[in-house]
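The sequence shown begins at 1 in the working numbering and counts up one residue at a time.
Since the hints were derived computationally from the structure, they do not count as laboratory data. We treat Cβ as the ideally placed atom computed from N, Cα and C, and that holds for glycine. Be careful, since some hints might not be right.
Cβ pair distances, simulated, as ranges [to be verified]:
hint	residue 1	residue 2	range
1	Asp45	Ala25	29 to 35 Å
2	Asn196	Asp149	38 to 44 Å
3	Glu193	Arg143	29 to 35 Å
4	Thr114	Asp45	18 to 24 Å
5	Ile34	Leu301	16 to 22 Å
6	Val305	Ala342	55 to 61 Å
7	Ile141	Ala37	57 to 63 Å
8	Arg152	Glu49	55 to 61 Å
9	Ser223	Ala25	55 to 61 Å
10	Arg222	Gln44	32 to 38 Å
11	Ala25	Thr286	22 to 28 Å
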Amino acid sequence: MQVRPPPAVRTIRPTPLSRLVIVTAGLIAALGLITGAMLYASYQDALREQQVTLRNVAIAFAAQTAGVAQAIDSAAQQAARMLLVQDAPPSSGIADGRDGLAHPYLARIVLFDTAGQTVGSVMPGSSSRDLPPIKPPAGDIPRRITITDIDRSTGRGILNFVHPVRDRSGRRIGTVVAQVDSVRFEQLYNLVELGNGGSVTLLHRDGTMLVRGPGFPAGIGRSFADTPLFRVQLPRASRGSFEATSPINGTAGLYGYDVVEGFDLVIITGMARSVALEAWYGRLWTALAFYLLLALVLSLLAWRVARAPRRQFGLIDMVSSSEARLAKSFDYLASIVNAVGAPIWVLDGARRIVLANEAFARLVGRPRESLPGLDESAVLDGAAAERERRYAAVLAHGGTVDATGTMHDGSGESRTVIQLTSRLAGDDGTAHLVNVLTDITERERAEARLA
Numbered sequence: 001m002q003v004r005p006p007p008a009v010r011t012i013r014p015t016p017l018s019r020l021v022i023v024t025a026g027l028i029a030a031l032g033l034i035t036g037a038m039l040y041a042s043y044q045d046a047l048r049e050q051q052v053t054l055r056n057v058a059i060a061f062a063a064q065t066a067g068v069a070q071a072i073d074s075a076a077q078q079a080a081r082m083l084l085v086q087d088a089p090p091s092s093g094i095a096d097g098r099d100g101l102a103h104p105y106l107a108r109i110v111l112f113d114t115a116g117q118t119v120g121s122v123m124p125g126s127s128s129r130d131l132p133p134i135k136p137p138a139g140d141i142p143r144r145i146t147i148t149d150i151d152r153s154t155g156r157g158i159l160n161f162v163h164p165v166r167d168r169s170g171r172r173i174g175t176v177v178a179q180v181d182s183v184r185f186e187q188l189y190n191l192v193e194l195g196n197g198g199s200v201t202l203l204h205r206d207g208t209m210l211v212r213g214p215g216f217p218a219g220i221g222r223s224f225a226d227t228p229l230f231r232v233q234l235p236r237a238s239r240g241s242f243e244a245t246s247p248i249n250g251t252a253g254l255y256g257y258d259v260v261e262g263f264d265l266v267i268i269t270g271m272a273r274s275v276a277l278e279a280w281y282g283r284l285w286t287a288l289a290f291y292l293l294l295a296l297v298l299s300l301l302a303w304r305v306a307r308a309p310r311r312q313f314g315l316i317d318m319v320s321s322s323e324a325r326l327a328k329s330f331d332y333l334a335s336i337v338n339a340v341g342a343p344i345w346v347l348d349g350a351r352r353i354v355l356a357n358e359a360f361a362r363l364v365g366r367p368r369e370s371l372p373g374l375d376e377s378a379v380l381d382g383a384a385a386e387r388e389r390r391y392a393a394v395l396a397h398g399g400t401v402d403a404t405g406t407m408h409d410g411s412g413e414s415r416t417v418i419q420l421t422s423r424l425a426g427d428d429g430t431a432h433l434v435n436v437l438t439d440i441t442e443r444e445r446a447e448a449r450l451a
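Produce the entire structure from the sequences given, and follow the hints as far as they go.
Now the structure itself:
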């Protein structure tokens, strides 16, 4: 029986799961690096923006403080001149012109002679605080600003603007002291909101804290000369910004500073780094949520990409295994059919040979491999019309039809045979004709000899 060789089964395997995991992890890691780099750049930008803002706020308050301090200094000089003129009203003209800016701040102006004796005093402001007696300055002191009479419960104190008084020849003739309630400056510095832990602070160049808004009673009058502002920043530049740990609460903060022009004063503005980065933290959580969502989507896509081919390849393996088993079954069937001594062949609807066994090949005297595809009439002679009628009857009505006839085998010898024909329907519904020959030549010859 002619059997086509089974198709070669080539095992195809999907992409290894480990490789897919590595690729997916690489993509997620690359996205993480890009996201991290963008967040780091955004973090640095946020810090720079806040530092610039704090520096600009410090510049603005330094300019405001310089204007007030200059007005206080000018008012003190004017009051000293008036006190030296015995017939002039002691408080005339202090609230006029440029010195009017200092009027709300001034609590008292006192003039001392070179011996430390009080020449006179002026109280131009409307301070509700009872002012303690003022100690006369000792010796020939330069212009300076100090703080005294500090209330440790509130941090409120008296700012003393000390200035020497000289005559036209430059000879020192006394010292004038202008006293200002520090709460006035504290109210000024509280006008800006810098968040929890933020502040605006006025310090002397020697490191002494004079005023802070919001108030910090424990720090007023205390020296902060060992902080980064005085040890590092001010020696480097009179204006700038930096990042450091707060000497007050120990938290990380951002700072901007500027010196007060014309005075030994410096303004520093501070903000807790956590407050400064609040907006950036919002961007951080948004970016992390987006990154995690994207990583989840990539993981799901990788899982789907891995799952679909693996299922397909699993089905392919099942089909390949089925084909292999079918080929083995077909080989087994072919071996059984070939073991039958009677000639067997199968025809399709066009009467072409589809299958044939070894016995049929020997009968017609042709190689078995050359039989498939040949017309039956090309290998069998005689009674073609009669066979066609039988074939048509079998295809039309089914069943099995047998007929006795003669034919010549491959050697040309005449043979008497019985042909048994049956219809066989294939998987696709196509009808085939299965033929089996029984050679009765020898039996007829024996019967003839006996007769």
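Here is how each hint holds up against the structure:
1. Asp45 <-> Ala25: 29 to 35 Å: About 30 Å separates the Cβ atoms of Asp45 and Ala25, which means 29 to 35 Å holds.
2. Asn196 <-> Asp149: 38 to 44 Å: Check failed, 30 Å falls outside 38 to 44 Å.
3. Glu193 <-> Arg143: 29 to 35 Å: Cβ of Glu193 to Cβ of Arg143: about 34 Å, so the range 29 to 35 Å holds.
4. Thr114 <-> Asp45: 18 to 24 Å: violated, 59 Å
5. Ile34 <-> Leu301: 16 to 22 Å: holds, 18 Å
6. Val305 <-> Ala342: 55 to 61 Å: holds, 57 Å
7. Ile141 <-> Ala37: 57 to 63 Å: The hinted range 57 to 63 Å holds for Ile141 and Ala37, with Cβ atoms some 58 Å apart.
8. Arg152 <-> Glu49: 55 to 61 Å: violated, 38 Å
9. Ser223 <-> Ala25: 55 to 61 Å: holds, 56 Å
10. Arg222 <-> Gln44: 32 to 38 Å: holds, 34 Å
11. Ala25 <-> Thr286: 22 to 28 Å: Holds, since Ala25 and Thr286 (Cβ atoms, about 24 Å apart) stay within the stated range.
Of the numbered hints listed earlier, those contradicted by the structure are 2, 4 and 8.
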